[in-house]
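*Asks:* The chain contents come next:
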Amino acid sequence: MNAPRVPYAGIATRAVGLALDVLFADLLVLVTAGVLALVGSLVGLDLSTGLKVAAAGVWFVILAGYFVFFWSTTGQTPGMRLMRLRVAGSDGRPPNFGRAVVRVIGLAVSIIPLFAGFLPVLVDDRRRGLLDFLAGTVVVYADAPFPELERADVAVVAEPLGPPV
Amino acid sequence: MILGLAVAGSRVGLATARVVLLPARIVARAPAMDGALNRVAAQGKRTRDEARRLAEATAQDVLASPEVGRVIDRALAGRLTDSIAASLAEHRVVERVASQMAASGELDRALTAALEHEITQQLADEILASPGFERLLVQVIDSRLLMQLTDRVLLSAEMQRMLDHLVSSPEVRRALAEQTQGMAEEMAAGVRRRTGTIDDVAERTVRGWLRRPRAGVQ
Chain L
1 MNAPRVPYAG
11 IATRAVGLAL
21 DVLFADLLVL
31 VTAGVLALVG
41 SLVGLDLSTG
51 LKVAAAGVWF
61 VILAGYFVFF
71 WSTTGQTPGM
81 RLMRLRVAGS
91 DGRPPNFGRA
101 VVRVIGLAVS
111 IIPLFAGFLP
121 VLVDDRRRGL
131 LDFLAGTVVV
141 YADAPFPELE
151 RADVAVVAEP
161 LGPPV
Chain A
1001 MILGLAVAGS
1011 RVGLATARVV
1021 LLPARIVARA
1031 PAMDGALNRV
1041 AAQGKRTRDE
1051 ARRLAEATAQ
1061 DVLASPEVGR
1071 VIDRALAGRL
1081 TDSIAASLAE
1091 HRVVERVASQ
1101 MAASGELDRA
1111 LTAALEHEIT
1121 QQLADEILAS
1131 PGFERLLVQV
1141 IDSRLLMQLT
1151 DRVLLSAEMQ
1161 RMLDHLVSSP
1171 EVRRALAEQT
1181 QGMAEEMAAG
1191 VRRRTGTIDD
1201 VAERTVRGWL
1211 RRPRAGVQ
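Residue numbers (the numbering used here), protein chains in the order written: chain L, 1 to 165; chain A, 1001 to 1218.
Bear in mind the hints are in silico, worked out from the structure with no lab data behind them.
Note that beta-carbon positions come from the ideal geometry of N, C-alpha and C, so glycine has one too.
Take the hints with a grain of salt, since some may be wrong.
Covered stretches of chain A, going by a simulated chain L footprint (3 or more residues, C-beta under 8 Å) [unchecked claim]: (1) 1195-1202; (2) 1206-1212.
If you only want the chain A side, here are some residues facing chain L, beta carbon under 8 Å, derived [to be verified]: (3) A1188; (4) V1191; (5) R1192.
Only chain L is shown next, with the shape it has when bound in the complex (with noise of 0.2 Å):
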């Protein structure tokens, strides 16, 4: 007998559709360097250490911007897409900006500590990592209908920044 599926995604989908946004995230910056770095040859520019420090700031800021920009919008990344996964706030809709800025950073915050951020997606009720509680969102399938949650989840879901857009 099969257990019957749930609509939220778990650890293991949601870490190739990451590794599939990184991946494209720096295949773009990758390009990005290329350009500027052949410009920089063409006028005879020499990378100082400041110069160094500011393009990591520009690659994290892109990385940044790829994650905001998508979860914003559509509230899919090209890497969720094709893992048919999708970000929502607790009314179902993508998160809004602020949000979306509050995600990435709590994405790095997951990340760093060597990803232990994502353990909660292993024993929460909606599959919920450390990002997902500080944006107050979910990471469902796209192809499923959105859950209904319950008014608690909601409330406390919603309580840190206010009613969703």
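Got chain L sorted already, so can you dock chain A onto it with the hints?
*Replies:* The following block gives chain A in isolation, referenced to the frame of chain L:
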């Protein structure tokens, strides 16, 4: 009146002829005469068959003789062949015959009949099964001529035009895109299935360690 006389005259003539031929008709219908006539017919048939066999054997002897070969050789070596070829070309005989055959459908029927004939099929099977044909095929494949021919075909303007047409064809592009998209979609679906299974197994395992079953799942 003249017409009536003519009709009456013709009737009289017919009756007279019947009366005159009556003895001959009686003889011909007699049973004794029937057997004699059959014997004569059989003898005639045998004689005709014998004459045909004789004529055929004579023709074979004549055609097999070296004299005929020499005569044909001399004829072909002479100006006769050139004259015939020139006449054929001048009067466009081959084209006329071919066009007539093609228009009448005879050519198609003849070709179809020849191809569907049992002997043709048998002949084709024998040729394909023969080691000699295989050797010939290998020689052709290994020959430089084939390589040159292939190069010529590949470098020809027609081939380039065909390739351009194929590459720029919307149907081909659509088919390629659909196939690629289908393969990618199939691969992604496979990955999704596997990761979904891993999700459930990992969650069940960790929840088992913590003795915390999923809500609503027995």
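*Asks:* Are the hints correct? Go through all of them and say.
*Replies:* Comparing the hints with the structure gives:
For the segment 1195-1202 of chain A, the stated coverage by chain L holds: 6 residues have a C-beta nearer than 8 Å to a C-beta of that chain, and at least 3 were required. For a cut-off of 8 Å, the count of residues in the segment 1206-1212 of chain A with a CB near a CB of chain L stands at 4, and the three-residue condition holds. Because the smallest distance between the Cβ of A1188/A and any Cβ of chain L comes to about 5 Å, under 8 Å, the interface hint for this residue holds. Interface hint status for V1191/A: upheld, as the beta-carbon distance to the closest one in chain L is roughly 6 Å, under 8 Å.
Interface restraint check: R1192/A against chain L, minimum CB-CB distance 6 Å, threshold 8 Å, status holds.
Violated hints are absent here; each numbered hint is respected by the structure.
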